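In order, the protein sequences belong to chains U, E and Z. Take the first sequence: its position 249, counted from the start at 1, is 249 in our numbering, and no numbers get skipped. Take the second sequence: its position 93, counted from the start at 1, is 348 in our numbering, and no numbers get skipped. Take the third sequence: its position 145, counted from the start at 1, is 683 in our numbering, and no numbers get skipped.
Hints in this document: simulated from the structure, not taken from any laboratory. The structure presented is a predicted model; accordingly, all values stated were derived computationally and were not measured. From the three backbone atoms N, C-alpha and C, an ideal C-beta is built for every residue, glycine too. Among the hints, a few may not be true.
List time: in silico DSS-like cross-link candidates among lysine-lysine, alpha-carbon distance up to 30 Å [claimed, not checked]: (1) U:Lys-119 to E:Lys-531; (2) U:Lys-114 to U:Lys-33; (3) E:Lys-348 to U:Lys-97; (4) U:Lys-245 to U:Lys-33; (5) E:Lys-260 to Z:Lys-732.
Coverage of chain E stretches by chain Z, computed from C-beta distances (three or more under 8 Å per stretch; other residues unrestricted) [to be verified]: (6) 316 to 325; (7) 355 to 363.
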Amino acid sequence: MSVFKPHISVHKLNVFYGSHQSLRDITVDIPEKQITAIIGPSGCGKTTLLKCLNRLIDLTDGVRLSGQVLIGGVDIYNDKNIDATCIRKRMGMLCQKPFPLPMSIYDNVTYGLKIHGVKGKKRLDAAVERYLTMAGLWEEVRDRLESPASRLSAGQQQRLCLARSLAVEPEALLGDEPTSALDPISAQHIEKTFRELRKDYSIVIVTHILRQARRLADYVIFLYLGELIECGPAEDVFGRPKELKTQAYIRGEIS
Amino acid sequence: MDRRKLEEDFCRGLMIAATFVVGGSLFAVFSVVILKGAPALSLSMITELPQGGYYLGGEGGILNAIVGSLYLGLGATALALVLALPVALFLQKEYIGNSRLGRLTRLSLDVLWGVPSIVYGAFGFIIMVYLGIRACLLGGIIALTLLELPIMIRAMDEVVRMVPQELKEASYAMGATRLETTMRVVCRQALPGLLTALLLAFGRGIGDAASILFTAGYTDRLPHSLFDPVASLPLAVFFQIGTPFPEVQQRAYASALILLLLVLILSVASRLLTRKFNKYVVR
Amino acid sequence: MRFRRLKDLVASRFMLAATIFSALLVVLIAAGLLQKSSLVLAMKPLTQLLFSSSWHPLSGEFGLYPFIMGTFWVTGVAMLIAIPLCLLVSIYLAEYAPSRTRGVVKPLIDLLAGIPSVVYGLLGVLIIVPFVKNIASFFGSTTNGYNVLSGGIILAIMVFPVIISISEEVIRTVPQGMRETSLALGATRWQATKLVVRRAALPGIIAAIVLGFSRAFGETMAVLMVVGNVAKVPSSVLDPAYPLTALIANNYGEMMSIPLYGSALLLAALVLLVVVFLFSLGARLILIRVERSYGIG
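Could you put together the complete structure from these sequences and hints?
See the structure below:
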């Protein structure tokens with residue numbers, strides 16, 4: 001049983017897309033160095049919440065936010081000194097459909113590093129090997145690092161995206177349904193990697209696959225139609241859910 | 256059921272006929288130029304300048320026009336690129352894409368795209384008078400740049416817009432700035448299309464006659480400075496076809512053939528380059 | 539970090555400057571042309587310049603009406619020929635043609651788009667003009683072939699690739715769902731196609747036609763070589779005409795020597811610009827309305 005230390009705190013977060021309210025008064029803490037699963041039916045704001053954690057929500061048109069998101073105690077929206085690009089470096093992100101950059105495998109991994117000023121071939125080579133190994137892809141691609149990333153299979157691409165995100169040395173990893181577009185074997189691979197990374201990173205994944213949440217999560221957040229219904233350690237939420245809606249969802253009555 | 260089938264067959268017949276008409280006109284264009292131009296085409300045509308009496312049937316070639324067209328085209332395309340690429344990139348969502356300035360710019364560019372090339376020539380002429388220069392290479396380049404600009408911007412804008420938003424988000428998610436994402440990811444992804452846009456504008460530029468009619472002048476010699484008048488292939492065709500001498504008219508066809516070949520080479524080059532740069536592009 | 543922010547800022551400023559310049563270009567051109575036309579505008583009232591048929595520049599008569607009409611006649615004929623043909627070909631290529639045919643025809647049509655206008659002019663002079671002359675004499679006309687019809691035909695050919703490539707693309711990208719629904723209800727292929735075209739592809743096709751019209755309207759060299767260049771309002775397609783573009787191109791020498799003449803020519807250029815502007819604006823408004831009534835956007 002790991003100690004609960006909040007890494008990211010969300011406080012009274014409201015998000016509007018135009019006149020439609022997507023998230024309503026969300027207040028929740030996300031623990032450090034654990035795997036947190038955000039679960040709930042589709043369209044209930046899970047992805048929106050995730051994107052608020054690294055300010056990727058800023059890129060969407062017509063979005064209005066109120067409330068606070070604190071990372072390590074610092075309000076990333078309202079603090080004057082905060083730069084969105086710095087926040088994003090600290091939060092790695094994996095999307096549902098793997099999007100490798102239009103470059104070679106090597107360049108994909110070093111992209112983040114080069115942007116943040118890392119130079120020198122030796123350092124970059126070492127980083128490429130290190131992060132591809134962490135993502136479980138090194139053995140498969142070590143001989144063809146210069147070939148285009150778009151030629152990899154979906155599972156490999158997702159692992160590449162993972163390596164790419166790890167390369168900028170984030171504190172946390174955010175995953176938006178990271179395995180739902182992958183075949184079962186690749187999905188398993190990614191899940192295994194998440195379990196290993198948990199020691200060093202706080203991991204937050206959005207998933208609509210309940211079984212995946214059961215397998216992976218240490219901490220669970222259940223959202224329904226933009227509201228936080230229940231949150232807590234996985235055994236509590238899955239084993240002894242307090243709210244009716246949570247019970248219904250877990251039993252498969254609502255989806 | 257019978258009537259519907261009849262209607263269907265009739266329309267199908269119409270469509271195929273239409274396709275033959277359209278295809279036939281393309282074929283006609285090519286055959287006219289090739290059949291009439293090939294006989295008059297010789298090595299001296301492309302390597303020599305017009306000698307005295309060339310326009311009355313004398314010796315020489317149209318090297319002046321070939322080189323002139325290339326100078327004009329390269330100069331104008333380079334200038335247009337310097338302006339067009341920033342504008343096309345600026346029209347992305349993260350900059351002004353959805354703002355009022357963005358919409359105004361797009362409307363303005365729509366108008367510019369439709370402006371007849373002769374109007375660009377007239378405006379170029381006005382600028383030349385204002386600057387106090389006469390018909391010369393620079394004047395032609397200015398007019399052609401104005402002509403190529405909206406074409407290039409529109410073509411580039413279309414490609415840039417097709418870059419998937421998720422791809423850009425993947426870059427932003429790693430803490431990249433807008434400039435970094437735009438230059439390293441968007442341009443990389445859109446590169447084949449950007450090159451095509453460049454070559455498209457170039458092709459349109461060297462083929463145009465109306466804009467350089469009174470801005471570039473015409474001469475039998477090669478230009479040695481930006482302020483010398485310069486010959487061009489389209490004008491070479493135009494002037495030569497207007498003479499009463501059949502030998503000179505023949506040369507007009509040959510000039511047209513050379514022009515057509517140039518445009519064809521550009522088209523092929525565009526396709527080849529696209530294929531070459533497509534390997535990194537993410538679908 | 540600060541350096542990266544600075545680079546981002548400098549780049550944005552540069553892009554902004556380039557964009558503002560491009561956006562203002564229309565205004566600059568209009569202003570320049572207006573300034574130069576002011577000479578002739580001061581001499582004669584605008585209505586006379588636009589609607590008088592009397593063009594005798596050396597005696598100071600600058601009625602642009604024949605040329606304006608010439609432009610519209612030629613463009614009109616071109617669109618009349620081009621629109622039905624292009625629609626048929628686009629539908630054929632998008633819906634019916636086997637992919638091998640498409641693979642051959644489409645690149646050829648794209649190639650057509652890049653051919654310079656003087657080359658089309660050659661086609662006009664060598665083939666279209668005699669063709670029109672022969673056909674017309676068959677019907678008893680005495681035209682020498684240099685008339686509106688020839689101009690219209692050559693413009694139509696120039697406009698084919700523009701309209702076809704866009705329309706074909708638009709029709710092809712309509713999602714299969716609509717066709718399948720129609721076919722599943724027992725429609726013939728042609729009926730399904732009509733549905734798709736009328737309901738889903740129409741805005742794009744309209745856009746393509748507008749683009750084609752722009753191209754035809756602004757064309758200079760090819761039409762100049764076949765249209766006859768007689769400064770009279772045409773009364774039939776077999777009459778010669780003198781479009782505004784040809785007027786400017788043919789008399790550019792006069793721009794320097796006789797200021798008033800030059801001013802009138804630049805007024806003609808201004809008229810062209812204004813028409814293009816109104817047309818672009820109008821086309822965009824129509825497009826918005828069509829899209830709205832179809833529930834798109």
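Please list, smallest to largest, the hint numbers that this structure does not respect. 6
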